[in-house]
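Q: Chains as they are written, first to last, in full-length UniProt numbering: chain A, 1 to 686; chain B, 1 to 686.
Simulated from the structure, these hints should not be mistaken for laboratory data. There could be a bad hint or two in this list.
Any copy, or any two copies together, can satisfy a pair, since identical chains are not distinguished.
[What the hints assert, rightly or not] Restricting the straight-line Cα-Cα distance to at most 20 angstroms, the calculated cross-link-like pairs of lysine to any residue (SDA-like) are:
(1) Lys501 with Asn590
(2) Lys138 with Pro162
(3) Lys161 with Pro453
(4) Lys615 with Arg133
(5) Lys501 with Ser407
(6) Lys501 with Gly93
(7) Lys404 with Arg295
(8) Lys265 with Thr374
(9) Lys447 with Phe240
(10) Lys159 with Val351
(11) Lys289 with Leu448
(12) Lys138 with Glu359
(13) Lys159 with Leu128
(14) Lys300 with Asn251
(15) Lys319 with Arg357
(16) Lys641 with Val497
(17) Lys300 with Thr250
(18) Lys504 with Gln442
(19) Lys289 with Asp608
(20) Lys319 with Leu128
(21) Lys591 with Gly503
2 protein chains.
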Amino acid sequence: MLSCRLARQAGRHSPGLRPPTIARQFGQTPTRSLFTKPSVTSPTTQTRGNAPRRHSKALALGPFFTRQLSGSPLPQSRSRFLNFLYRTAAIFGTSIAVVGVGVVGFFLYDASTYKTDAAHTDIAIPQLALNPRRGGPKNLPILEVSIDDNDTEEMLRQKDKPKLVILGSGWGSVALLKELNPENYHVTVVSPTNYFLFTPMLPSATVGTLEMKSLVEPIRRIILGVRGHFVQASAEDVDFSARLVEVSQTNSRGEEDRFYIPYDKLVIGVGSVTNPHGVKGLEHCYFLKDINDARRIRNKVIRNLELSCLPTTSDEERKRLLSFVVCGGGPTGVEFAAELFDLLNEDLTEVFPRLLRNEISVHLIQSRGHILNTYDETLSKYAEERFARDQVNVNTNARVGEVKEESILFTQKSPDGTIVTKELPMGFCLWSTGVSQTPFCQRLSAKLGDAQPNVHALETDTHLRLNGAPLGDVYAVGDCSTVQNNIADHIVTFLRVLAWKHGKDPESLELRFSDWRDVAASVRQRFPQAVGHLRRLDKLFHEYDADQSGTLDFGELRELLKQIDSKLTSLPATAQRANQQGQYLAQKFNKLARAAEGLRANDIIEGDLDAAVYKAFEYRHLGSLAYVGNSAVLDFGQGWKFAGGLWAVYAWRSIYFAQSVSLRTRMLMAMDWAKRSLFGRDLMSY
Amino acid sequence: MLSCRLARQAGRHSPGLRPPTIARQFGQTPTRSLFTKPSVTSPTTQTRGNAPRRHSKALALGPFFTRQLSGSPLPQSRSRFLNFLYRTAAIFGTSIAVVGVGVVGFFLYDASTYKTDAAHTDIAIPQLALNPRRGGPKNLPILEVSIDDNDTEEMLRQKDKPKLVILGSGWGSVALLKELNPENYHVTVVSPTNYFLFTPMLPSATVGTLEMKSLVEPIRRIILGVRGHFVQASAEDVDFSARLVEVSQTNSRGEEDRFYIPYDKLVIGVGSVTNPHGVKGLEHCYFLKDINDARRIRNKVIRNLELSCLPTTSDEERKRLLSFVVCGGGPTGVEFAAELFDLLNEDLTEVFPRLLRNEISVHLIQSRGHILNTYDETLSKYAEERFARDQVNVNTNARVGEVKEESILFTQKSPDGTIVTKELPMGFCLWSTGVSQTPFCQRLSAKLGDAQPNVHALETDTHLRLNGAPLGDVYAVGDCSTVQNNIADHIVTFLRVLAWKHGKDPESLELRFSDWRDVAASVRQRFPQAVGHLRRLDKLFHEYDADQSGTLDFGELRELLKQIDSKLTSLPATAQRANQQGQYLAQKFNKLARAAEGLRANDIIEGDLDAAVYKAFEYRHLGSLAYVGNSAVLDFGQGWKFAGGLWAVYAWRSIYFAQSVSLRTRMLMAMDWAKRSLFGRDLMSY
């Protein structure tokens, strides 16, 4: 019926083409024929008289969707208004139909994801996996064969590949796992936690802007990509000569079990612990390193709010409970203060007594002169202004002396140079003041002696190989490690060249500021990652110019270089660095595996294989971001910096969204942001 | 350009109408005119030669969306294929555009939800709220004025209304809060948890099918609806004469603070605790009452799986760790076993070694003859068959004797009547075997003495008023309470009427089964909730017919009624019952408030006001549901029962989806189900 109507209407415009069969179907015989009696006006006027009424009736009945796709011409009404109505309805109808088809499709897909058959298949488990051989210096069980080594054909092929053991499940390890070619190594990941945590967004999880689930990804799912194995245990020690990692795990009876995991290549990515900076009373502080910390913080914040509502809480006590203190003005501390402020400002007043909002105070204690001091100065000032407007109390140049149960003691240098001691009552204190070595790393450091002089992290060469360990066996990535860049050495070389150019003895060299700029330019070219430090050296130049001569002599220079040397070698303890190091190692390991055949053929099994197949690691700073309370600062280095309101927040989110580990976490994040905007944050503690 | 092209095309079909200006615009003059030289074929053939090419060019360039809505006629191509392509593109383009508009709209909405101004407004806090008066039998602070009583105009109006205090934040309390007219009472909710938990779905949260967040709703948000107040504290005691509730809360120093909350009406909905049934070693068991239990269970299950992968775990130990035992064959136990099986069957094999799947066992221990014994027999058999197929080991007629650290001891009656003692090694044990009174309820029960003879719950009359407390002051709802229905009394009355009809002395009445059916029919009509019990009475009829006479005499009947009396008075401890009781109270309180004026005018302030304004509470059983592992059983009573696979699961979900507490939880649930199907369950412990 549909196509008939359409054909009839087309025929209306060119009556000579109308097939008589169709006309008959409508019980209508052509009254005049153009073939017999040519006429100009009558064919159009005659048909036009009936058309609109019939058409509008058909409009209400006709299944538009079928016709939309049918390919036959559409009905043409003379009324623009009717046409407009019809098409608007068609557009929305179509959209709803498409969404409907999507929903039905999803249900069909969903129905296919339920497994109903309990598949018990017999599998052969190697005897050595069930009863591992004991050995090593402590005669512990050795994990030579895994119970899932025979699980699939692919895993079986992996069995005799070189054993790559990765300690930790953070950014470095995951970047390595994602880039590694699954064909080349038998991979085992050892970590006390069985998930990867998207650390940069952790402050958002403390107040429920994001769900904790959205920031974590099961490490076992990531390992699937390289057909690897996972052992939930903590690394305790490494026997470098026997190539064994000693790991421990508490069994179901509460006793500690230890065993060895053998490796051909070992990657240490165990991260760091919070730096106590020797301050007393840190047991009264909260930390923000993992997902349980986020939950503990959220529960504590909500609990303080609830306690503040009780009639047994005095007004003074209420003010104390509602005094939230953050120690540390780095990105974590700043973002937590911002998120906390958002929670208190956006969600608290809606459901809690208004008195609480008036008595709440958020304090930030920073030892340096500015918060976000590693960022560009304009950004750090922007953040400070933002906080000042938001009534977040920022204390700069302040050093925490002691944390008591209900207050925090700190000394602050006032602008005139006098140092005053202050006591701040507090109901909650977050301690986020940099990182320190884990006990495991301290143990390795001590074991390797002089090769590891750094007390803050494990030192590696520029190929990320652990200094002191057998060459090419052990690597370290992420917060637990630091790369010896030897930039200071290079600067001295540059200076010697400069002295030679000036025809002078280096010891008697007088360096003018313009000379220094030349040196800095050359160094910058060769070590792009030194840019930030060189910029700071400009400022130091004047400071170290002890005799105010406008020049530096070599003695002053050596002093300056000694002072900056430690700073130059320590890359920032960020997710970005760990990620780049993990990717670097994966690329190198892939190359090493490909080159292995050729090297073996040429009897090259010892020596600097890493340097032979791949370039040294070079850190490229892609930028720093921070959320500062309905606004964000973005510092991409080299003068590319932005600070702003909501658009910057959306940019900040977009960047993390793109960097997120999996489709799953991305979808969850997007849902969380939508949830916050629709329903607010959840003010519940459990 | 667009409208020109369209007009031109319309003109093509009826050339006589084409205005010459448009034709000129296209640099084309009409070659022949119908006005001067009539022709049949040439006008159409001539234009047709060029049309398709020009049209397809316009198709690529034309902004279809504008035209779709423009109201002017659409282009007509003679090629059905082109038309089809064009319209398919238009449909999907339109859908994408509509979605795009939606996304942009959402972002605009989202941007409007960020508050940038920190609103500090001065508010007057009543002195009595900051420094509450002390008093009552223990001279504790009394919460007479809340710190948020003056927060808004609306709250200010509420201040002098009768004080309604609600203990607990479960189903009964929330149903009451949602139905209560906000104008009538000054509402205070007291609960140790600041959220409402959607308990029927709790088993799903233990394995990550649903997120915990999706099952909870902040109680403060629910209270907003009645402009009420929330106190996070535990009820300790009630002084019925002074109308004071004594509550306790641990302050930030870890000390217990106590205070009084005065009430005009008190609703007790504090729920229940798990029934230990006097079994030793329950400290080795897990329970499933609140959201933290769900998290603990999930972490324990995942931890056992991880421990099973370690080389230090012996094969025997692995089998023990992977032996999951559920004590209790009610809906909670059954659904947990089903969810656990789903997790192990659907998600475990993907990421854990296959050996684990082969060594896992799930056991269910049920003291009765069948699992789900309160459900229709065919459903309970269906569930058992389902479990048998899924290799969930169901032990019926089994009674747990003791739970040890690594095993569970139980006695089981075999079909031949002999009792055997069995020991089952276990790595995890869930205890879900019914409910018991909280210490608070025990205290009230003891205080009210003879008025409260029931050791399992607080007894109320049919108006839900706590027996023994001053009439109209105190109500009890939910698991903590039981309603005296006195149905047994009514049956005796019926029997007396029957005896009178037969013209006999009741004491010498001989009741035949057919007579009994008549009585049952009458009782069923008057007490719809007795249906289930009456059906069971049919079965008991034969049992109690001690002399096998085919009839019961009055003595036997009295014996039978005594035995069933306790059963009749205890309504099921379900969310459904609590919900209905909460709604009932809300409706009654609304009526009482409306009637208050009139009653006061008539000097009626004492007496049975409840009965005067509203009917007695009547429980209507809407049905029981249970998920049994990719299938569900639905028992709506009166023979309406269903059991089946996925369609039943979807029905089961739909029912809970509809009953869910808020739009927020509904959206989250839907997202969770989609998440499970897209990404599986999260096998992480933290």
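Q: Now tell me, hint by hint, if it's right for this structure.
A: Going through the hints against the structure:
1. Lys501 with Asn590: The answer is neither: 43 angstroms in one copy and 97 angstroms across copies each exceed 20 angstroms.
2. Lys138 with Pro162: Intra 24 angstroms, inter 74 angstroms, cutoff 20 angstroms: neither.
3. Lys161 with Pro453: neither (35 angstroms within a copy, 74 angstroms between copies)
4. Lys615 with Arg133: Neither. Shortest intra-copy (39 angstroms) and inter-copy (77 angstroms) distances fail the 20 angstroms Cα cut-off.
5. Lys501 with Ser407: Neither: 61 angstroms inside a chain and 84 angstroms across chains, both beyond 20 angstroms.
6. Lys501 with Gly93: Intra 79 angstroms, inter 68 angstroms, cutoff 20 angstroms: neither.
7. Lys404 with Arg295: neither (23 angstroms within a copy, 32 angstroms between copies)
8. Lys265 with Thr374: Neither, since 35 angstroms and 60 angstroms both go past 20 angstroms.
9. Lys447 with Phe240: within (10 angstroms within a copy, 72 angstroms between copies)
10. Lys159 with Val351: between (58 angstroms within a copy, 18 angstroms between copies)
11. Lys289 with Leu448: neither (28 angstroms within a copy, 52 angstroms between copies)
12. Lys138 with Glu359: neither (59 angstroms within a copy, 31 angstroms between copies)
13. Lys159 with Leu128: within (13 angstroms within a copy, 75 angstroms between copies)
14. Lys300 with Asn251: Intra 30 angstroms, inter 12 angstroms, cutoff 20 angstroms: inter-copy only.
15. Lys319 with Arg357: Result: close within a single copy only, 10 angstroms intra versus 55 angstroms inter.
16. Lys641 with Val497: Neither. Shortest intra-copy (35 angstroms) and inter-copy (92 angstroms) distances fail the 20 angstroms Cα cut-off.
17. Lys300 with Thr250: between (28 angstroms within a copy, 13 angstroms between copies)
18. Lys504 with Gln442: neither (45 angstroms within a copy, 96 angstroms between copies)
19. Lys289 with Asp608: neither (36 angstroms within a copy, 61 angstroms between copies)
20. Lys319 with Leu128: So Lys319 and Leu128 pass the 20 angstroms test across copies only (18 angstroms; inside, 63 angstroms).
21. Lys591 with Gly503: neither (45 angstroms within a copy, 104 angstroms between copies)
Hint compliance for this structure: hints 1, 2, 3, 4, 5, 6, 7, 8, 11, 12, 16, 18, 19 and 21 are broken, all remaining hints hold.
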